[in-house]
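**Student:** Read off the chains here:
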Amino acid sequence: MSHTATRADVVIVALAELFRGDGEVLASPMGLLPALGARLARLTFEPDLLLSDGEAFLLSASGVVEGWQPFRRMLDTIVPHGRRHVVMGANQLDRFGNQNISAIGDHARPVRQLLGVRGAPGNTVNHRTSYWVPRHSKRVFVESVDVVSGVGYDNAAKAGLRFHDVHRVVTNLGVLDFSGPDHSMRLVSAHPGVAPSEVEDATSFALETAGAGVTREPSAAELALIREVLDPKSSREKEVPS
Amino acid sequence: MMADKRMTADEVAAELSDGMTVGIGGWGSRRKPMALVRAILRSPVKDLTVVSYGGPDVGLLCAAGKVRRVVFGFVTLDSIPYDPWFGRARESGRIEVTEYDEGMFATALSAAAQRLPFLPTRAGLGSGVLKVNPGLRTVRSPYADGEELLAVPAQRLDVALVHLNRADARGNAQYLGPDPYFDDLFCLAAAKRFVSVEQVVETTELTRLGPVQSLLLSRSTVDGVVEAPRGAHFTTAVPDYGRDERFQRHYVNSAKDTDAWPVFVDRFLSGDEDDYLSEVDKFTQEGAA
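Note that the protein sequences, when read in sequence, are chains P and U.
Under this note's numbering, the first residue of the first sequence carries the number 1, and numbering increases by one thereafter.
Under this note's numbering, the first residue of the second sequence carries the number 1, and numbering increases by one thereafter.
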């Protein structure tokens with residue numbers, strides 16, 4: 001087996017790192033790679049994370065049912081109570097972390113209907129939220145989003161939201177946070193083999209890249225877990241080709 | 001004499017009139033009252049406001065031109081992200097929408113269930129939901145914190161349609177899968193409530209089939225019971241059956257293609273429920289061959 005990590009391996013570790021320090025909270029990763037990241041975090045440095053089966057059951061790391069959390073409980077109490085960290089996708093994302101998964105174009109008659117705002121407004125006003133973007137491009141990273149689904153820092157400040165906490169964005173090119181001026185997006189690290197300028201070129205707005213590092217490589221133990229335990233069929237490589 | 005609330009899906013559809021607000025239970029492509037939806041497709045009713053955690057129920061009603069407005073937080077087929085007919089209805093401007101956050105949607109039903117004018121929440125604040133629903137108002141906490149919250153107006157329903165696993169003839173209804181969804185809330189928010197089930201059983205059977213907590217609907221919130229085996233097809237009604245993924249893909253591929261759609265309608269939606277199920281069986285056999 002090769003000891004060289006693929007881009008997908010690096011991404012999974014970066015997604016796992018989102019949960020570092022979270023402790024005993026519900027991790028709600030949307031999509032294959034965020035789910036692999038959350039499970040890797042639980043198997044290594046965040047053993048107390050709670051994870052669901054994607055339906056109504058909470059499963060322990062060994063696959064034992066340890067709780068019940070139907071959609072009703074999720075919306076009535078788990079989200080508003082706040083002990084949750086969601087990783088959502090984004091069709092559009094702007095510099096302050098406003099996210100759109102609702103529709104492209106004019107909401108009254110969209111050019112492209114997407115999912116709808118789903119739980120994004122409630123998630124972003126209640127608990128920590130991160131985003132996963134498998135193809136970092138100017139189409140996703142836009143000047144302004146068409147329908148604010150997940151609330152960004154500018155809108156949260158205007159609305160006086162006490163529990164707003166947009167954490168980080170992981171993409172196929174790098175890791176970003178909101179530590180720039182006025183909570184604007186900043187490149188934390190570019191993945192190995194990616195130049196910060198590449199990330200800038202794939203972003204519509206001016207991106208702060210000064211001081212950006214390189215995303216850490218998976219350890220040998222992490223690589224073994226990803227390859228042998230979490231994703232032996234290498235489904236990750238289809239979502240993020242190297 | 002105890003009430004026997006059994007009726008047919010077509011009798012349920014006949015209870016609807018043009019312009020009504022109809023709540024549909026389930027979630028995405030999960031435990032949708034599809035036999036009742038198919039009965040609506042066969043009926044002349046139109047201009048409905050559909051309130052739904054949307055799945056193929058919304059798509060099929062849009063395809064048949066039954067919908068004036070959709071109240072939703074999402075429309076998805078779960079294993080396939082987008083419903084083509086809902087997308088087409090939105091992109092052509094044919095329907096109006098009230099788009100809410102998922103939590104707001106439940107809050108609106110809860111307010112109606114509790115006969116309150118509104119309930120407060122944070123979900124929606126700061127988001128585009130306020131912009132696309134200019135009628136929404138906020139309310140300030142009367143206590144020392146003074147926090148401004150969103151006042152979600154009650155979403156009352158003329159009719160609620162839900163699908164569960166078992167019920168007795170009086171309307172005590174039971175789910176046997178992992179998730180109740182919001183079906184009891186839909187019924188509490190509605191003036192008239194109809195439940196379809198896989199099987200109508202004696203009341204004594206209900207607590208033999210599952211724990212008492214699985215009795216989701218009380219007969220006091222149910223007006224009609226329809227025995228509709230496979231009545232959630234092609235959505236899931238576990239443990240009775242899972243989602244028919246092959247059929248769902250066929251629905252989506254047909255819905256994407258304006259030439260293929262009439263063929264789908266002709267084969268599956270032009271007869272009654274028995275015709276539908278028999279064509280589905282043939283479709284399944286073709287796949288196995």
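Any given hint might turn out to be false.
[To be verified] For lysine-lysine, the following DSS-like pairs were computed, each having C-alpha atoms within a straight-line distance of at most 30 Å:
#, chain 1, residue 1, chain 2, residue 2
1, U, LYS256, U, LYS5
2, P, LYS158, U, LYS192
3, P, LYS138, P, LYS158
4, U, LYS46, P, LYS138
5, U, LYS192, U, LYS256
6, P, LYS158, P, LYS238
7, P, LYS138, U, LYS256
8, U, LYS192, U, LYS46
9, U, LYS282, U, LYS256
10, P, LYS238, U, LYS282
11, U, LYS5, U, LYS192
Derived from the structure by calculation, the hints contain no laboratory data.
Please read these numbers as outputs of a predicted model, since none were measured by experiment.
**Student:** Decide if the proposed pair is consistent with the structure: P/LYS158 and U/LYS192, CA atoms, cutoff 30 Å inclusive.
**Tutor:** violated, 42 Å
**Student:** Measure nothing beyond the straight line between the CA atoms of U/LYS192 and U/LYS256; if it is 30 Å or shorter, mark the hint as holding.
**Tutor:** violated, 34 Å
**Student:** For the pair we were handed, P/LYS138 and U/LYS256, check the Cα-Cα distance against 30 Å.
**Tutor:** holds, 28 Å
**Student:** U/LYS256 and U/LYS5: Cα distance at most 30 Å?
**Tutor:** This hinted pair is violated, its Cα atoms lying about 39 Å apart.
**Student:** Is the Cα-Cα distance between P/LYS158 and P/LYS238 30 Å or less?
**Tutor:** violated, 40 Å
**Student:** Are the Cα positions of P/LYS238 and U/LYS282 separated by 30 Å at most?
**Tutor:** Since the Cα atoms of P/LYS238 and U/LYS282 sit roughly 34 Å apart, the hinted pair is violated (cutoff 30 Å).
**Student:** Is it true that the CA of U/LYS5 sits at most 30 Å from the CA of U/LYS192?
**Tutor:** Holds, because 12 Å separates the two Cα atoms, which is no more than 30 Å.
**Student:** Are the Cα atoms of P/LYS138 and P/LYS158 separated by 30 Å or less?
**Tutor:** holds, 26 Å
**Student:** Is it true that the CA of U/LYS282 sits at most 30 Å from the CA of U/LYS256?
**Tutor:** Distance ~22 Å between U/LYS282 and U/LYS256 Cα, so the pair holds.
**Student:** Is the hinted pair U/LYS46 and P/LYS138 satisfied, with a Cα-Cα distance of at most 30 Å?
**Tutor:** violated, 42 Å
**Student:** Is U/LYS192 within 30 Å of U/LYS46, Cα to Cα?
**Tutor:** It holds: about 18 Å lies between the C-alpha atoms, which stays within 30 Å.
The structure fails hints 1, 2, 4, 5, 6 and 10 (numbered hints given earlier, in ascending order).
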